[in-house]
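K.L.:
Now for the letters of each chain:
Number of protein chains: 2
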Amino acid sequence: MTFETVAGRAREAAYELAVATRAAKDAALLAMADALASASAQVLAANARDLGTAREQGTADALLDRLRLDEGRVAAMADGLRDVAALPDPVGEVVRGSTLANGLELRQVRVPFGVVGIIYEARPNVTADAAGICLKAGNAVLLRGSSSARRSNEAIVSVLRRAVASTGLPADAVAMVPGEGRDSAKALMRARGLVDVLIPRGGAGLIRSVVEESTVPVIETGVGNCHVYVDRAADLDRALAIVLNAKTQRPSVCNAAESLLVHADVADAFVPRVVAALQEAGVTLHGDETFAALDGVLPAGEEDFAAEYLSLDISAAVVPDLEAAVRHIRRYSSGHTEAIVTDSQAAARRFTAAVDSAAVVVNASTRFTDGGEFGFGAEIGISTQKLHARGPMGLPEMTSTKYVVTGDGQVR
Amino acid sequence: MTFETVAGRAREAAYELAVATRAAKDAALLAMADALASASAQVLAANARDLGTAREQGTADALLDRLRLDEGRVAAMADGLRDVAALPDPVGEVVRGSTLANGLELRQVRVPFGVVGIIYEARPNVTADAAGICLKAGNAVLLRGSSSARRSNEAIVSVLRRAVASTGLPADAVAMVPGEGRDSAKALMRARGLVDVLIPRGGAGLIRSVVEESTVPVIETGVGNCHVYVDRAADLDRALAIVLNAKTQRPSVCNAAESLLVHADVADAFVPRVVAALQEAGVTLHGDETFAALDGVLPAGEEDFAAEYLSLDISAAVVPDLEAAVRHIRRYSSGHTEAIVTDSQAAARRFTAAVDSAAVVVNASTRFTDGGEFGFGAEIGISTQKLHARGPMGLPEMTSTKYVVTGDGQVR
Chain A
30 MTFETVAGRA REAAYELAVA TRAAKDAALL AMADALASAS AQVLAANARD
80 LGTAREQGTA DALLDRLRLD EGRVAAMADG LRDVAALPDP VGEVVRGSTL
130 ANGLELRQVR VPFGVVGIIY EARPNVTADA AGICLKAGNA VLLRGSSSAR
180 RSNEAIVSVL RRAVASTGLP ADAVAMVPGE GRDSAKALMR ARGLVDVLIP
230 RGGAGLIRSV VEESTVPVIE TGVGNCHVYV DRAADLDRAL AIVLNAKTQR
280 PSVCNAAESL LVHADVADAF VPRVVAALQE AGVTLHGDET FAALDGVLPA
330 GEEDFAAEYL SLDISAAVVP DLEAAVRHIR RYSSGHTEAI VTDSQAAARR
380 FTAAVDSAAV VVNASTRFTD GGEFGFGAEI GISTQKLHAR GPMGLPEMTS
430 TKYVVTGDGQ VR
Chain B
30 MTFETVAGRA REAAYELAVA TRAAKDAALL AMADALASAS AQVLAANARD
80 LGTAREQGTA DALLDRLRLD EGRVAAMADG LRDVAALPDP VGEVVRGSTL
130 ANGLELRQVR VPFGVVGIIY EARPNVTADA AGICLKAGNA VLLRGSSSAR
180 RSNEAIVSVL RRAVASTGLP ADAVAMVPGE GRDSAKALMR ARGLVDVLIP
230 RGGAGLIRSV VEESTVPVIE TGVGNCHVYV DRAADLDRAL AIVLNAKTQR
280 PSVCNAAESL LVHADVADAF VPRVVAALQE AGVTLHGDET FAALDGVLPA
330 GEEDFAAEYL SLDISAAVVP DLEAAVRHIR RYSSGHTEAI VTDSQAAARR
380 FTAAVDSAAV VVNASTRFTD GGEFGFGAEI GISTQKLHAR GPMGLPEMTS
430 TKYVVTGDGQ VR
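Here the protein sequences come in this chain order: A and B. Here the working numbering is used: the first residue of the first sequence is 30, the next is one more, and so on. Here the working numbering is used: the first residue of the second sequence is 30, the next is one more, and so on.
Next up, chain A with everything else stripped away, as it sits in the complex (with noise of 0.2 Å):
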């Protein structure tokens, strides 16, 4: 089938889907958790042979362990469909209502995108995640994984279009982009008006590359150059737990600490300190001349205060004061994540008010910027752009909305 045909097919699911009620779509969600559960034999065989490939190619570790799913990943796709199966239906909230001076009546309501294509990276659990909170918000999904997970995500397509179509909706509500490589990528991209949204999951080079090319609207996700700010007014055992937490408890996503900026006037009792926990803890620090004059510690470079390391390094630096450390970070961060410790309300006032991240955070660590966390119950990513959604996106997040004018005969 042509790229056409299979985006064509989901337009007529989405118009489907966007008239579907709130049961219909729940029953659907279950009839998918349940095939995937019983199916788990056949997505693993399917994956297996993906996990072969990949080793045969000398795949690394690290990217073998994202393409890997066992019986308690699938059955955790499964829960996942479930959880956004019990989650309030977006479409028909009626975000904003008036009655106008000539009577007619104004409602703004939820509606769905339409078609939803997402480029994803070698995990085959974000093809269930991603059809399943598509189809909660009444989109129709197209899906356009890595090639090495080529056979694991077939089969988890397969099994979920099966499923939604025993429920009475449309199995092209779920698809999968015909084609391989980076052909079926840019059809994606150029689908501009078959496609509604273009959201990108995966590494940066990815997601800058979909920003570049598509003519279709996207969402960026995902890039987190997220910073700490040791204040002087800090509570330094504090700072120490959440600089800690923030860098190693899991240091390969976005949300973990990447860059270290302690104000001068804590650089004496401070720098030390921290500089010997994150050791003990694995960490190589990447520092500036206070920093650096510490065993272990390697000169940063330009480069290092720009990185999203995804690993067990970090960045750091002294600032003279809290506006040396806004101006750090409105040049080098990503804009995802940025947090201040501090006891000191000004310094708390000015830092969220002068720091243009999606999330701003005092006294906590940045490990919070996420969709569980933030409680809205599924996540399709954490957006670092400022239209449309900002921060974790839950399913609000993928609608967009109408407005519905009734009257009785008005006229201009």
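Hints are not guaranteed to be accurate.
Identical copies look the same in the list; a pair holds intra-copy or inter-copy alike.
What the hints assert, rightly or not - Restricting the straight-line Cα-Cα distance to at most 20 Å, the calculated cross-link-like pairs of lysine to aspartate or glutamate (EDC-like) are:
1. K215 / E150
2. K215 / E242
3. K215 / E241
Simulated from the structure, these hints should not be mistaken for laboratory data.
Given chain A, work out where chain B should sit, using these hints.
P.N.:
Relative to chain A, chain B alone:
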């Protein structure tokens, strides 16, 4: 000055505007209004030079009229700025908030975009309108008008910048893109990272080229191939009044009707009446077989149903039922505004659910899709895209949000 210098200054100004109080912004808006009113002669002199050049180049009368300023139009710009000053400040509004299980306080707060680019055509009044709306929402604005209005725009911007500076806010809050022609537009469209959002205001050609070439996120505005569907259950007197109003009250604007669909069951009763009334109002009909059988109705081709005439022309067709009207609209509509005239609750419900446009109107004219009519007080344009904002965009649509998360040492 290079584009990068101007954009860099706008960014610095945006940092100041983002934390400016409402009082400071309103003072600047009122100063802008007063300065514009005082400088009316200077602005009109610049406009007269633009008009002279345009006339020498044989510019059409309709375009000359758009370009032309007079005392009344300058006063209207000043009044517009005062109206914006009177509107509530969208910045700082808490959109969502909760306390998480771990005690973290979560607030989703409206914040400015930062730097907004506006690309527009010959109307110099857009210069003041856009500057006022952007400033009130805390954004710096980079204006790129048409070269035919260059001297008018320069005069207006120079007055506005001085007024802003006189109140203590940065003059660079309002700036023109340096240079002329395609290059200056291109600089703006490629300024990803320097400019946060780009809004094209003008004809379909301008908007398409911005959407296709821009790497900066774009809000698409204003193309309206709006439909009026007269249902079998319509009150035909009401339908006639609505069709006439939607087509003729102001045919050159995006919310004017461009296409009429009539249910077959009322075609005999309605088609001759509506044709006679439209023709009497000076409208040329481009109709399907039923319509074209009447005197003076031209036969409609595919291109007529797709056309946004913006003139006293309308395409017209008879449809067998409501579903056929929905299919026709899905095929040809630009997603701006579609109206149904019906007394049937079932038909109204189905039409508003199935038609996916920025505004869906029941028993009223399409001409109501407008920020002023909707009570928004100010409008930067009408979005026909699904991302971020859809329909008339007022001040809240000119903002993004950020999450402010406050704790007392929480870690994961």
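K.L.:
Hint by hint, say whether it matches the structure.
P.N.:
Results of checking the hints against the structure:
1. K215 / E150: Within one copy, since 15 Å is at most 20 Å while 32 Å is not.
2. K215 / E242: both (8 Å within a copy, 16 Å between copies)
3. K215 / E241: both (11 Å within a copy, 15 Å between copies)
Going through the hint list in order, the structure satisfies each hint without exception.
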